[in-house]
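Enquirer: Chains A and B are the protein sequences, given in the same order. Once you know that position 365 of the first sequence is 365 in the numbering used here, the rest is easy, because the numbers rise by one and skip nothing. Once you know that position 334 of the second sequence is 334 in the numbering used here, the rest is easy, because the numbers rise by one and skip nothing.
Derived from the structure by calculation, the hints contain no laboratory data. All values reported here derive from a predicted model rather than from experimental measurement. Please note: incorrect hints may appear among the correct ones.
Quick list of the computed label-pair ranges, beta carbon to beta carbon [said to hold, decoys possible]:
no. : chain 1 : residue 1 : chain 2 : residue 2 : range
1   : B       : Gly-159   : A       : Gln-380   : 51 to 57 Å
2   : B       : Glu-337   : A       : Met-448   : 56 to 62 Å
3   : B       : Asp-313   : A       : Ser-489   : 44 to 50 Å
The calculated DSSO-like cross-link candidates involving lysine-lysine, where the alpha carbons are at most 30 Å apart (straight line), are [claimed, not checked]:
no. : chain 1 : residue 1 : chain 2 : residue 2
4   : B       : Lys-189   : A       : Lys-387
5   : A       : Lys-387   : B       : Lys-39
6   : A       : Lys-321   : B       : Lys-189
7   : B       : Lys-188   : A       : Lys-387
8   : B       : Lys-39    : A       : Lys-321
9   : B       : Lys-73    : A       : Lys-387
Backbone N, C-alpha and C fix where the C-beta goes; we use that ideal spot for every residue, glycine too.
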Amino acid sequence: MHVWSRWAIRLPSVAIALLVAAPILTLTFSWVSIDAQLWLHLWETQLPQLVANTLLLLGGVAVGVSLIGVTSAWLVTAYDFPGRRFFELAMLLPLAMPAYVLAFVLLGVTDFGSPLQGWWSSTFGVAQIDVRRPFFVIAVLSLVFYPYVYLLARTAFKLQGLRTMEAARTLGMSPLRSFFTIVLPMSRPAIFAGVSLALMETLADFGAVSVFNYNTLTTAIYKAWSGFYSLQTASQLASLLLLFVALVVIGERLSRKGKYSEQAIPPKRRVLSGGRRLSAVAWCSSIVLVAFILPVVQLLHWGASRIEYFDMNQLSALLGKTFLIGFIAAIASVFVASTAVAARFFANSNGLRFIQSFSGLGYALPGSVLAVGIMLVATQLDHWLGKSLLMGSFIVLILAYVIRFYAVAAGPMDAAASKLKPSVIEAAKLFGLGRLQQWRRVMQPLLMPGTSVALLMVMVDVMKEMPATLLLRPFGWDTLAVKIYEFTSEGDWDLAAIPALILILLSLIPMVYLMRKIEGEET
Amino acid sequence: MINLTFARVTLLAAVAAMTGCDQPVSQDDDILTVYSGRKEHLVKPLFERFTADTGIEVRYITDGEGPILARLKAEGEQSPADVLITVDAGNLWHAAEENLLQPIESNVLEMNVPEHLQDPNNLWFGLSQRARVMVYNTERTSPQELTTYEALADEQWHGRLCLRTAKKVYNQSLVATLIEAHGYEDTKKIVEGWVRNLAADPFSNDTQAMQAVAAGACDVTLVNTYYFGRLENESPELPLAIFYPNQGEGERGIHVNVSGAGILKYAPKPELALQFIEWLSQDEAQYMFAELNQEFPVNPNVPASDQVRAWGDFVADDVNLRVAGQRQAEAIRLMDEAGYQ
Numbered sequence: 001m002h003v004w005s006r007w008a009i010r011l012p013s014v015a016i017a018l019l020v021a022a023p024i025l026t027l028t029f030s031w032v033s034i035d036a037q038l039w040l041h042l043w044e045t046q047l048p049q050l051v052a053n054t055l056l057l058l059g060g061v062a063v064g065v066s067l068i069g070v071t072s073a074w075l076v077t078a079y080d081f082p083g084r085r086f087f088e089l090a091m092l093l094p095l096a097m098p099a100y101v102l103a104f105v106l107l108g109v110t111d112f113g114s115p116l117q118g119w120w121s122s123t124f125g126v127a128q129i130d131v132r133r134p135f136f137v138i139a140v141l142s143l144v145f146y147p148y149v150y151l152l153a154r155t156a157f158k159l160q161g162l163r164t165m166e167a168a169r170t171l172g173m174s175p176l177r178s179f180f181t182i183v184l185p186m187s188r189p190a191i192f193a194g195v196s197l198a199l200m201e202t203l204a205d206f207g208a209v210s211v212f213n214y215n216t217l218t219t220a221i222y223k224a225w226s227g228f229y230s231l232q233t234a235s236q237l238a239s240l241l242l243l244f245v246a247l248v249v250i251g252e253r254l255s256r257k258g259k260y261s262e263q264a265i266p267p268k269r270r271v272l273s274g275g276r277r278l279s280a281v282a283w284c285s286s287i288v289l290v291a292f293i294l295p296v297v298q299l300l301h302w303g304a305s306r307i308e309y310f311d312m313n314q315l316s317a318l319l320g321k322t323f324l325i326g327f328i329a330a331i332a333s334v335f336v337a338s339t340a341v342a343a344r345f346f347a348n349s350n351g352l353r354f355i356q357s358f359s360g361l362g363y364a365l366p367g368s369v370l371a372v373g374i375m376l377v378a379t380q381l382d383h384w385l386g387k388s389l390l391m392g393s394f395i396v397l398i399l400a401y402v403i404r405f406y407a408v409a410a411g412p413m414d415a416a417a418s419k420l421k422p423s424v425i426e427a428a429k430l431f432g433l434g435r436l437q438q439w440r441r442v443m444q445p446l447l448m449p450g451t452s453v454a455l456l457m458v459m460v461d462v463m464k465e466m467p468a469t470l471l472l473r474p475f476g477w478d479t480l481a482v483k484i485y486e487f488t489s490e491g492d493w494d495l496a497a498i499p500a501l502i503l504i505l506l507s508l509i510p511m512v513y514l515m516r517k518i519e520g521e522e523t
Numbered sequence: 001m002i003n004l005t006f007a008r009v010t011l012l013a014a015v016a017a018m019t020g021c022d023q024p025v026s027q028d029d030d031i032l033t034v035y036s037g038r039k040e041h042l043v044k045p046l047f048e049r050f051t052a053d054t055g056i057e058v059r060y061i062t063d064g065e066g067p068i069l070a071r072l073k074a075e076g077e078q079s080p081a082d083v084l085i086t087v088d089a090g091n092l093w094h095a096a097e098e099n100l101l102q103p104i105e106s107n108v109l110e111m112n113v114p115e116h117l118q119d120p121n122n123l124w125f126g127l128s129q130r131a132r133v134m135v136y137n138t139e140r141t142s143p144q145e146l147t148t149y150e151a152l153a154d155e156q157w158h159g160r161l162c163l164r165t166a167k168k169v170y171n172q173s174l175v176a177t178l179i180e181a182h183g184y185e186d187t188k189k190i191v192e193g194w195v196r197n198l199a200a201d202p203f204s205n206d207t208q209a210m211q212a213v214a215a216g217a218c219d220v221t222l223v224n225t226y227y228f229g230r231l232e233n234e235s236p237e238l239p240l241a242i243f244y245p246n247q248g249e250g251e252r253g254i255h256v257n258v259s260g261a262g263i264l265k266y267a268p269k270p271e272l273a274l275q276f277i278e279w280l281s282q283d284e285a286q287y288m289f290a291e292l293n294q295e296f297p298v299n300p301n302v303p304a305s306d307q308v309r310a311w312g313d314f315v316a317d318d319v320n321l322r323v324a325g326q327r328q329a330e331a332i333r334l335m336d337e338a339g340y341q
């Protein structure tokens, strides 16, 4: 192969890595000067508490998502009980629920003055209680982010856990013991991958924690910025946050050690009966109820009382733009991710693999930090060009999403690519197909399942994204998430209900495709 | 599985729609560009009325103050923005401090906007006022017991006070004016007293704090008037009422703040920008601007809405609002030190 064409095929991977590197470099350069007074102040008054809060949140969410994700994944793969097929898909529904929406809804129904509190205090004659405790924040984030663990753990259990467990059972091990000594360790890489996704989302979350006034490093970044007007100190705090991200990433990488063979077999489920059956149903239904159904009902209730506030043209414009942005960004991300796969096939190297995994870091950066970095780069380029072309343009917005969600697109694509057998490509070569033909006629169709999952997941994420959309959107490109921000930041939760509902429904469209695919896998 | 043809067709449609919506605006057109820290639903009706009155189109983005100022700084002379609209004098002061605004020579504005609600160098003008007042539970306390912001630090309020988070600029501005009046150390004692008296951790917004007061978790809180107005409309049955503090003989009066506007230094169309801000300071727009959010007009000749007038008259602190900006960082430090989260 010609040198130039090897490079041409690597170009998109290099470009995306550079784009991810730009905001990270901006953060690093923020350390050239330090506002010592401000740092001293932060150190004396805030920082220890912020770090402690952040660690508590991370630990709590790690336990929470593992507990919910692993138990429910195990229940739906290893057992049979009434509604299992429904729960198998319904457990994914919270993916369509933005964290900031679940936070304001759950707080809205349990906070002071809510009907629930009124009932509680009048029935038992006690004072209303303050629910805004760390436990509640952890519970909310766990309920939103557990599907990552659920999705990956479920696949792992299906692929290898069950058969090994059956072997262990025939050797006389109890089901519980074989689960803990065999299935869990074997599925550990998948579970850790899910947990690390959940933790990155947790670190990046601003909306949900600020509803509870729970202070983390991420809220401190905003405070340094909006209170002290020190974008510099904000960037420095953000690079501290990156250290936490690095910890999570390293932890996840370490857990990947130890390979296992994957072979899908139709699982033989044990039929539950009696009390166990009841508790399995109760567990699954209470999670779906609290994380999805009740919040949607509450949103409907709020929304119904304020529907006259909105006009239909405005809502349909919001809906259309949100969908369009999600769709275009998803196509763009998947395009970039598939060029990455192609580059690995035709022009692999260690350097290439490194820059590709580096590009995944965009997902771990808080959206606001990433957005500022991109803004600074875009405006700098505009100054060079002598014309305001990039900032506030559609292209930059889409690029921002690609940078942020590249990892989400790359995950399923890479998984699909890892199942491609070299012999298939060899056969294609033998038939004399050129590289383009090899790609279009052989690989692309084989990658299609991964491609469509990537497309759908990126789309859901982009439509929910808030801070980058706020900062980088062109004039007139308000999305549903922007609208939700405008209402919730003023505490107008009942007004936020309608855009929130539409956003959830809109996210359900790609979700339904995703679920269909998952269901399709089974048969 | 996604149908590829379908995907291609949608993409084509998308690109067509994009180019349709995203056409570059020619500089000659009568289009004014506004960056707004005020939310869309509070400014859009005004933009529409302005367009109807003058034929000048308005395009805008809304975002938080931090991102907007960072964006203006980064865009520099290439910024398309003509007007900055935002809430809180602290934010306006920062925009001025960052050298983002240009001085406005306007007799109309000087006439319509009182001295203490505008920047001394005419970089920005207030357009609506909001007062930060006490809201109390009418079943658990009475106006006789309430006096001043400072007195909420007293022992008698132990376990009876609720507050919004110190991260909100409204509280930062209030504390900034307290520092101006009492000095750093005495103000710190006051804020420490507030923190000691808290019945619950600070809330993320004023409405939550009022709900807690109504639920009996505490007896009194500090909120901006319009939040009370909104809650009053939604749940008139709640046992809540407004109290104007610091009204006694020789006292400072209540803390008022503004939302306001300025012309950006690199505004491509400064004349349109001036025309717009002057328009905002006049009768009809003033009434609308205030009424949309149950605030008080800055123009003394324009009455507030009926609901707002029903809350009664008050004496306002007439310290120049630039203090809110000058002392904002100091105020945040003080609140951090006092443990006000």
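Enquirer: Starting from the hint list further up, note which numbers the structure goes against and sort them upward.
Expert: 3, 4, 6, 7
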